[in-house]
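**Student:** One line per chain: the protein sequences are A and B, in this order.
Just so we're on the same page, my numbering is the position in the first sequence counted from 1, plus 703.
Just so we're on the same page, my numbering is the position in the second sequence counted from 1, plus 15.
Treat the hints loosely; a few may be bogus.
[As the list claims (entries may be wrong)] Straight-line alpha carbon distances no greater than 25 angstroms define the calculated PhoX-like cross-link-like pairs of lysine-lysine that follow:
{"no.": "1", "chain 1": "A", "residue 1": "Lys1021", "chain 2": "A", "residue 2": "Lys1039"}
{"no.": "2", "chain 1": "B", "residue 1": "Lys342", "chain 2": "A", "residue 2": "Lys1027"}
{"no.": "3", "chain 1": "A", "residue 1": "Lys1018", "chain 2": "A", "residue 2": "Lys1039"}
{"no.": "4", "chain 1": "A", "residue 1": "Lys1039", "chain 2": "B", "residue 2": "Lys342"}
{"no.": "5", "chain 1": "A", "residue 1": "Lys1021", "chain 2": "B", "residue 2": "Lys94"}
{"no.": "6", "chain 1": "A", "residue 1": "Lys1027", "chain 2": "B", "residue 2": "Lys339"}
{"no.": "7", "chain 1": "A", "residue 1": "Lys902", "chain 2": "A", "residue 2": "Lys782"}
{"no.": "8", "chain 1": "A", "residue 1": "Lys1027", "chain 2": "A", "residue 2": "Lys1039"}
{"no.": "9", "chain 1": "B", "residue 1": "Lys65", "chain 2": "B", "residue 2": "Lys26"}
{"no.": "10", "chain 1": "A", "residue 1": "Lys902", "chain 2": "A", "residue 2": "Lys879"}
{"no.": "11", "chain 1": "A", "residue 1": "Lys1039", "chain 2": "B", "residue 2": "Lys85"}
{"no.": "12", "chain 1": "A", "residue 1": "Lys879", "chain 2": "A", "residue 2": "Lys773"}
{"no.": "13", "chain 1": "A", "residue 1": "Lys1039", "chain 2": "A", "residue 2": "Lys782"}
{"no.": "14", "chain 1": "B", "residue 1": "Lys333", "chain 2": "A", "residue 2": "Lys782"}
{"no.": "15", "chain 1": "B", "residue 1": "Lys94", "chain 2": "B", "residue 2": "Lys65"}
In case anyone wonders, no lab produced these hints; they're calculated from the structure.
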Amino acid sequence: MMIIMKPGSTQVELEHVLDHIRENGLTPHLSIGEDHTVIGAIGDTHAIPTALFEVLDGVESVIRISQPYKLASRQFHPKNSIFPLDGFNVGGDEIAIIAGPCSVESREQLLDTAQAVRSAGAHALRGGVFKPRTSPYTFQGLGEDGLELVAEARQLTGMPVVVEITSITQLDIMLKYVDVFQIGARNMQNFALLSEIGKTQTPVLLKRGMSATIEELLMASEYILSGGNQRVILCERGIRTFETATRNTTDINAIPVLKALTHLPVILDPSHSTGHADYVTAIARAAIAAGADGLIVEVHPDPAHALSDGRQSLKPEKFVELVKQVGQIAEVIGRKLAPLATTEATQTHTSKGI
Amino acid sequence: MLIIMHPAASKEQIENVLAAIERQNLTAHLIQGVEQTVIGAVGDSHSIGKEVFEILPGVAAVTRISQPYKLASRQFHPKNSIFPLDGFSIGGEEIAIIAGPCSVESREQLLQTALAVRQAGANALRGGVFKPRTSPYVFQGLGEEGLEYLAEAREQTGMPVIAEVMSVAQVELMVKYVDVLQVGARNMQNFSLLRAIGETRIPVLLKRGMSATIEELLMASEYILSGGNQRVMLCERGIRTFEIATRNTTDINAIPVLKSLTHLPVLLDPSHSTGFSEFVASVAKAGVAAGADGLIIEVHNDPANALSDGRQSLTPEKFAVLVKQVKAVAEAVERRLAPIVH
């Protein structure tokens, strides 16, 4: 940490800062410039907030040099983390595609979509049952009934299922049904939820908050990792900017930046990051070209009648085309789509919670 | 245009709005809801400002339905505009790569970089001679001397050259030397400059302002197009957001959005949109995968000693790798790199 003193700061103030540095188990390194005195605080500072020094008299500003995250960092774990899910890996050479409806709406809708995305090449099924909708007056999800349907789709297709958890109170019931927890953008900094999920051993798909920096996303992952749950997948889903032509702005830079900073798998959600079905495929290709480890894509058999996110949901036919195009991009950058487990593997697999 | 009246708007206020619509030669279409009245103003409204109606008493909001741009729109010109430059074309199936230093610093630096990028597969050379730097105390560019070097690089390599024009006063000089005029992000809404360039017949690379919406970029292009200069290329170069891990945030959505809204060629500048050389190749590939018609990339023979943008400049070796990777992605989306003419 670098502590920059105000130009007129006194010797007493300086001594006080130096003492404070030592008290926190760090070693001070003084450099006296023409206008400013700068003090380096050397040691493991990741658990020391900058505010500790900012409040001291005579201090102008404090700059953090080392990363405030540790378990998520590539420095700590240089190799990519690769997590096996049912029949495929996330984070290695293979690219995984998660697809399904925004919300589970009915048995027929879910099973139709699940089979369609499976035969199009999806590796895992998404489907929300507890929906964090902007308006409390719109469809809020099927709840536990939806989980039963998700379990049925899982058994029918062999695909592991990814479902969003929006509250700690849902944890016990969700654990019985889902293979991967999703933490939605609105809950990225629901620290109580993150901590609880950190105590489970269920893989987590952690979405970036819509106004969260890349560093804040990594810090959120740290809440889960530090609880002992090592299987965290990060997901860029678009950020809030001044641009209104799209629902969000896909921060495509986040893909190579995250891949450089962390060993955790990084995937992109082009459905939310664009908000328009017309643009999903182009951005899905871009993500893979930029180095993403996977995609999560909203697919609905009848987008015009979807209870949520219809505007950004692909029809199964369009999704087939997306998988094909993404496969071509994966190949030219020396990767490949994750293989689909065979039907046999599907049948020998025993579903959870049924 | 849709004019939404306040729930409490009086009959008189509605009559007043209807009269205003007629004065603009539009046809009013009244929709009486349970709580609010909505009035559709039907007709060619692209040259009518929303303010005309917003200021009227009783009006809650005015929503524009049709696009405020015309010449740039795909509706007006459904097919892609394809512009031939020296030896290649831009906007068609071919993907063009423009490369070179941020600034022309010296004859040696420019010629070395030009030859290197040419060899690596660049189609055109970039190099700034008038530099819009944030600080007035740092290197501002070589001016006309730099243009001379660009002309020499052009002759040696056969590449068309592109340089940024910052003011109306520079237009006359620049057109003698350059093949493509660049309008930088900071000048995207320098409307007098746009108009002056619209009077020329030199192709233009128009960069998106760092806080400009896609619609504002298209409106800026309209200033040039409406002057009679049809050869405008649009360039996404990253926008200003809250994220500080990168210099700008590449709005990759802008690529497919622009391709659907306009017939003009769309390029990406991954150097400025990321600000870090280590992320340029990934985002360049993403640009082409998303449907961009070309790239503009900063390359410097010695980035550590560059007078500007060293942090985001690629070495010629790294650039050669980028071209190879972009070529593979282009082929995966059924396009190809523009040929190099010898």
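**Student:** Run every hint past the structure and note whether it holds.
**Tutor:** These are the hints, each one checked on the structure:
no., hint, in the structure
1, A:Lys1021 <-> A:Lys1039, "holds, 20 angstroms"
2, B:Lys342 <-> A:Lys1027, "holds, 19 angstroms"
3, A:Lys1018 <-> A:Lys1039, "holds, 24 angstroms"
4, A:Lys1039 <-> B:Lys342, "holds, 18 angstroms"
5, A:Lys1021 <-> B:Lys94, "holds, 23 angstroms"
6, A:Lys1027 <-> B:Lys339, "holds, 22 angstroms"
7, A:Lys902 <-> A:Lys782, "holds, 24 angstroms"
8, A:Lys1027 <-> A:Lys1039, "holds, 11 angstroms"
9, B:Lys65 <-> B:Lys26, "holds, 21 angstroms"
10, A:Lys902 <-> A:Lys879, "holds, 15 angstroms"
11, A:Lys1039 <-> B:Lys85, "violated, 43 angstroms"
12, A:Lys879 <-> A:Lys773, "violated, 31 angstroms"
13, A:Lys1039 <-> A:Lys782, "holds, 19 angstroms"
14, B:Lys333 <-> A:Lys782, "holds, 23 angstroms"
15, B:Lys94 <-> B:Lys65, "violated, 30 angstroms"
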